[in-house]
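Student: One letter stands for each residue in the lines below.
Protein chains: 2
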Amino acid sequence: MEQLFSTLFEHIEEKAQLTDKEKVLIKGFFKFKKLRRRQYLLQEGDMCKYISFVSQGLMKSYTIDDKGTEHINLFAWEGWWISDFASFIFGNEAKLNIDTVENTILLLLSRENYEKMLTEIPVMERYFRILYQNSLATKDNRLISAHTHTAEEKYALFLDTYPAISQRLPQNLIASYLGLTPETISRIKRKMVKANT
Amino acid sequence: MEQLFSTLFEHIEEKAQLTDKEKVLIKGFFKFKKLRRRQYLLQEGDMCKYISFVSQGLMKSYTIDDKGTEHINLFAWEGWWISDFASFIFGNEAKLNIDTVENTILLLLSRENYEKMLTEIPVMERYFRILYQNSLATKDNRLISAHTHTAEEKYALFLDTYPAISQRLPQNLIASYLGLTPETISRIKRKMVKANT
DNA sequence: CGATGATTTGATACCCCTCAATACCTGTGG
DNA sequence: CCACAGGTATTGAGGGGTATCAAATCATCG
Numbered sequence: 021m022e023q024l025f026s027t028l029f030e031h032i033e034e035k036a037q038l039t040d041k042e043k044v045l046i047k048g049f050f051k052f053k054k055l056r057r058r059q060y061l062l063q064e065g066d067m068c069k070y071i072s073f074v075s076q077g078l079m080k081s082y083t084i085d086d087k088g089t090e091h092i093n094l095f096a097w098e099g100w101w102i103s104d105f106a107s108f109i110f111g112n113e114a115k116l117n118i119d120t121v122e123n124t125i126l127l128l129l130s131r132e133n134y135e136k137m138l139t140e141i142p143v144m145e146r147y148f149r150i151l152y153q154n155s156l157a158t159k160d161n162r163l164i165s166a167h168t169h170t171a172e173e174k175y176a177l178f179l180d181t182y183p184a185i186s187q188r189l190p191q192n193l194i195a196s197y198l199g200l201t202p203e204t205i206s207r208i209k210r211k212m213v214k215a216n217t
Numbered sequence: 021m022e023q024l025f026s027t028l029f030e031h032i033e034e035k036a037q038l039t040d041k042e043k044v045l046i047k048g049f050f051k052f053k054k055l056r057r058r059q060y061l062l063q064e065g066d067m068c069k070y071i072s073f074v075s076q077g078l079m080k081s082y083t084i085d086d087k088g089t090e091h092i093n094l095f096a097w098e099g100w101w102i103s104d105f106a107s108f109i110f111g112n113e114a115k116l117n118i119d120t121v122e123n124t125i126l127l128l129l130s131r132e133n134y135e136k137m138l139t140e141i142p143v144m145e146r147y148f149r150i151l152y153q154n155s156l157a158t159k160d161n162r163l164i165s166a167h168t169h170t171a172e173e174k175y176a177l178f179l180d181t182y183p184a185i186s187q188r189l190p191q192n193l194i195a196s197y198l199g200l201t202p203e204t205i206s207r208i209k210r211k212m213v214k215a216n217t
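Same order as they appear, the protein sequences are chains A and B.
Numbering-wise (my numbering), the first sequence opens with residue 21 and increments by one.
Numbering-wise (my numbering), the second sequence opens with residue 21 and increments by one.
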């Protein structure tokens, strides 16, 4: 149990220092949740009641279009948060689905505890401010890539940016994340292999 | 002069309450800057020393690809902040260019004053945390749209989401923001007019 | 092993880009 | 106030990058 929080604390302390007292307080705000592979955390139309920290495992959030195709918004592995923000913050119905790619252990933070924690532990305002600030820069890059790069460049950039995690992902999920089809990824791979011989 | 801050304070007070004392303090952290149409605030390769609040006017941030094409990352008008985050926060060379679409009046906040303000006025941590949190939700939507919608849907969605600002923008800039060519926008418009007759 | 999902491969279609030419605005200076 | 210039928009022809659809092969796991 203790170990699950160590991932969280390490992650927080990259951005803001915590006292032992604060750590005890923080633990009190979270709930555990264990999920099997392919299990849902959130489905479109539900309310997203938690923001979740991935302590172990791998999750994805995604939308489904009219044709039934998934479009992956985010992968979250150890040290990442996942949620449908619009739903979590404003109480809308979720537009995103969230489920697991691997068996996963989560730390759940409810809206109420999120607000409480931010008020009672001001350094957490700082932590989340920095977290979001960094995420914004990441998302900017992704959007720029979506607009400027070819399919091949997108795929190469993904492998380069997330070398570890790309090995834990089937290619159809990478395709979905990049806004491509699995067939296209397959053809790119063949081309890349050829180029190396 | 006073009036320039009122836009800022209104904007902050949508998210967090300010005392008169805090307002006086906040004013001290900012510098003014006036820019002409088409004037640069930041060029690729420079250091982004400020995060800027648009008090009046309209700006854009963008990258330039190998072929010399602009890809617009963000429009910022009255009530928006603009910056190259990666450069502002981490001190990297800026990857973004920022310039004006209209004559603009900015409130500039240096890195030093940004940190000072966040420390001395904790409610501003809250303000920025909420600001970034909301921006993340917006960027998610934009990325989803980039991956799922056709050119026509993207354009219609833009007009629908930003009806006021779209009238202040030439179509080539809207095209650049949406990852399309001006020619495509032109053809879409023709098609839309036809459909309404 | 059977079943289900994932990947590969090929044929075809189409959306949007590219390039090029022309027309249309808008502001500025003579 | 007109003329010109630079930027902006329109239109057409042609091409290319990915998607789509379909089928076969390949993994994986209960």
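Treat each hint with caution, since some may be false.
[As the list claims (entries may be wrong)] Quick list of in silico lysine to any residue cross-link-like pairs, SDA-like style, CA-CA up to 20 Å:
| # | chain 1 | residue 1 | chain 2 | residue 2 |
| --- | --- | --- | --- | --- |
| 1 | A | 159 | B | 64 |
| 2 | A | 159 | B | 143 |
| 3 | A | 54 | A | 122 |
| 4 | A | 87 | B | 163 |
| 5 | A | 159 | A | 139 |
| 6 | B | 159 | B | 136 |
| 7 | B | 115 | A | 54 |
| 8 | A | 87 | B | 56 |
| 9 | B | 159 | A | 54 |
| 10 | B | 115 | A | 155 |
| 11 | A | 35 | B | 136 |
| 12 | A | 115 | B | 135 |
| 13 | A | 159 | B | 167 |
| 14 | A | 35 | B | 143 |
| 15 | A | 159 | B | 71 |
| 16 | B | 35 | A | 142 |
| 17 | B | 159 | A | 111 |
| 18 | A | 159 | B | 136 |
| 19 | A | 35 | B | 135 |
In case anyone wonders, no lab produced these hints; they're calculated from the structure.
Every value quoted in this text rests on a predicted model; they were computed, and no experiment measured them.
Student: Checking one constraint from the list: CA of residue 35 (chain A) to CA of residue 135 (chain B), max 20 Å. Satisfied?
Tutor: holds, 14 Å
Student: Decide if the proposed pair is consistent with the structure: residue 159 (chain A) and residue 143 (chain B), CA atoms, cutoff 20 Å inclusive.
Tutor: It is violated: about 26 Å lies between the C-alpha atoms, which goes past 20 Å.
Student: For the pair we were handed, residue 87 (chain A) and residue 163 (chain B), check the Cα-Cα distance against 20 Å.
Tutor: Holds, at about 18 Å.
Student: Hint check: residue 159 (chain B) vs residue 136 (chain B), CA-CA at most 20 Å. Holds or violated?
Tutor: violated, 28 Å
Student: Given the hint that residue 35 (chain A) pairs with residue 136 (chain B), test it: the Cα-Cα distance must not exceed 20 Å.
Tutor: OK: residue 35 (chain A) and residue 136 (chain B) at ~17 Å, within 20 Å.
Student: Does the structure keep residue 159 (chain B) and residue 111 (chain A) at a Cα separation of 20 Å or less?
Tutor: Roughly 18 Å separates the two Cα atoms, so the pair holds.
Student: Does residue 139 (chain A) lie within 20 Å of residue 159 (chain A) when you go C-alpha to C-alpha?
Tutor: The given pair, whose Cα atoms are some 27 Å apart, is violated under the 20 Å limit.
Student: Can you confirm whether the C-alpha distance between residue 115 (chain A) and residue 135 (chain B) stays at or below 20 Å?
Tutor: Not satisfied, since the Cα-Cα distance of roughly 35 Å exceeds 20 Å.
Student: Could you grab the alpha-carbon distance between residue 115 (chain B) and residue 54 (chain A) and see if it respects the 20 Å cut-off?
Tutor: Given that 20 Å is the threshold and the Cα spacing comes to 41 Å, the pair is violated.
Student: Straight-line Cα separation of residue 159 (chain A) and residue 64 (chain B) no greater than 20 Å?
Tutor: holds, 19 Å
Student: Please verify whether residue 159 (chain B) and residue 54 (chain A) have alpha carbons no more than 20 Å apart.
Tutor: violated, 29 Å
Student: Within a Cα-Cα threshold of 20 Å, do residue 159 (chain A) and residue 71 (chain B) meet the stated pairing?
Tutor: holds, 18 Å
In this structure, the earlier hints numbered 2, 5, 6, 7, 8, 9, 12, 18 are contradicted, and the remaining ones agree with it.
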